[in-house]
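Chains as they are written, first to last, in UniProt numbering: chain X, 1 to 187; chain Z, 1 to 180.
These are computed hints drawn from the structure, not numbers from a lab.
Please read all numbers here as calculations on a predicted model, not as lab measurements.
One or more hints might be untrue.
Covered stretches of chain X, going by a simulated chain Z footprint (3 or more residues, C-beta under 8 Å) [said to hold, decoys possible]:
1) 94–100
2) 155–162
3) 166–176
C-beta: ideal position from N, C-alpha, C; glycine also.
One-letter residues, chain by chain:
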Amino acid sequence: MEDTSVVQLHQNKPEDECPNLSLRPLDVSDIDAFMVWATDEKVARFCTWEPYTNKEDGLSFIKNTVLPHPWLQAICVDDRPIGAISVTSNSGNDKCRGELGYVLASKYWGRGIATRAVGMVVETIFDEWPHLERLEALVDVENLGSQRVLEKAGFQREGVLRKYVVLKGRSRDRVMFSLLSTDHRPT
Amino acid sequence: MEIELSKISLRPFKLEDADDFFLFAGDDQFTMNLRWKTLTSKQEALDHIKDVCIPHPWRRSICIDDRSIGFVSIFPFSGEEDKFKANFGIGVAVKYWGHGIATRAARMAVSQFFVDFPEVVRLEAFVDVENLGSQRVVEKAGFQKEGVLRKYAYVKGKLRDLVLYSFLSTDFHAAQAEAD
């Protein structure tokens, strides 16, 4: 399950506040930057994980989940990681489908960064993965900021999936969004 | 053909159902929207019952007068994160379509399932957008339509739009409370 943690409270800041946005692989050497968002309970609020409390757990996560991940990149400003964005892959009858998730340090919320990062992934993922037909994202019903990110990035809202996940002991409804390779580049 | 729906029952599959199983599962129309391949022999039917139906966590034969005319399957997901969810599937012999049998069987199955698996909170059914008959079955059985998931998965090599339906344990308990 990928997480979409961004809650954007202010919509109107100009994009050129953060001109040097890039995506690159995340590594163990990025641990300090990682801990900035991983320890933040605002960021963790709609995610499956609890805020991290020590570096060892952070390093384990990077080694065991980030490094082997089929597609996970750090979202960087001036080459410093301020979040991460990822796409899962599936096999067999489900290989047409990938799930998008992203996290962003809360200090960078409200500037359109997540929307731009999602846009950057959308530009390349269908070419990198020709078998991918459908990019989907599941967002908590209360996470309005993340819903707006996906809408602005061109995703279609397909419906509310009731009690789709159990998050921190409680059932949560999730909104399903999707972007098809044909939405992105009509054939 | 008049069918008395009170004659519909659900029970586990038996090896003795192989002939009847082959009768319905040997039909392309029956397996069209399922991931199963159409069975081509009674041996295959016997193997399917032995290897799939009997070990299944919850699969029942839909019977008329104890003769098997279809199946209903509910498959709880595995893993700590997902065991509160399960997937619903159903199929009735083509010759028995149009009598409300699948709807009756679906209702019976859902009621029994939530008793047998009290930890399941969410039952899901995925139905092809073009399969209007099955959409009506699950709707009349009380599933709620949540949305159309575009190009969600391959079924028999074809990329499909699937309608997602859900039936929650809370829906079930609310209906029970109303009935009491």
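The hints, checked one at a time:
1. 94–100: holds (count 4)
2. 155–162: Result for this restraint: holds, n = 6.
3. 166–176: Held - the segment 166–176 of chain X has 3 residues with a Cβ nearer than 8 Å to chain Z, which meets the minimum of three.
When the structure is compared with the earlier hints, no violation turns up for any of them.
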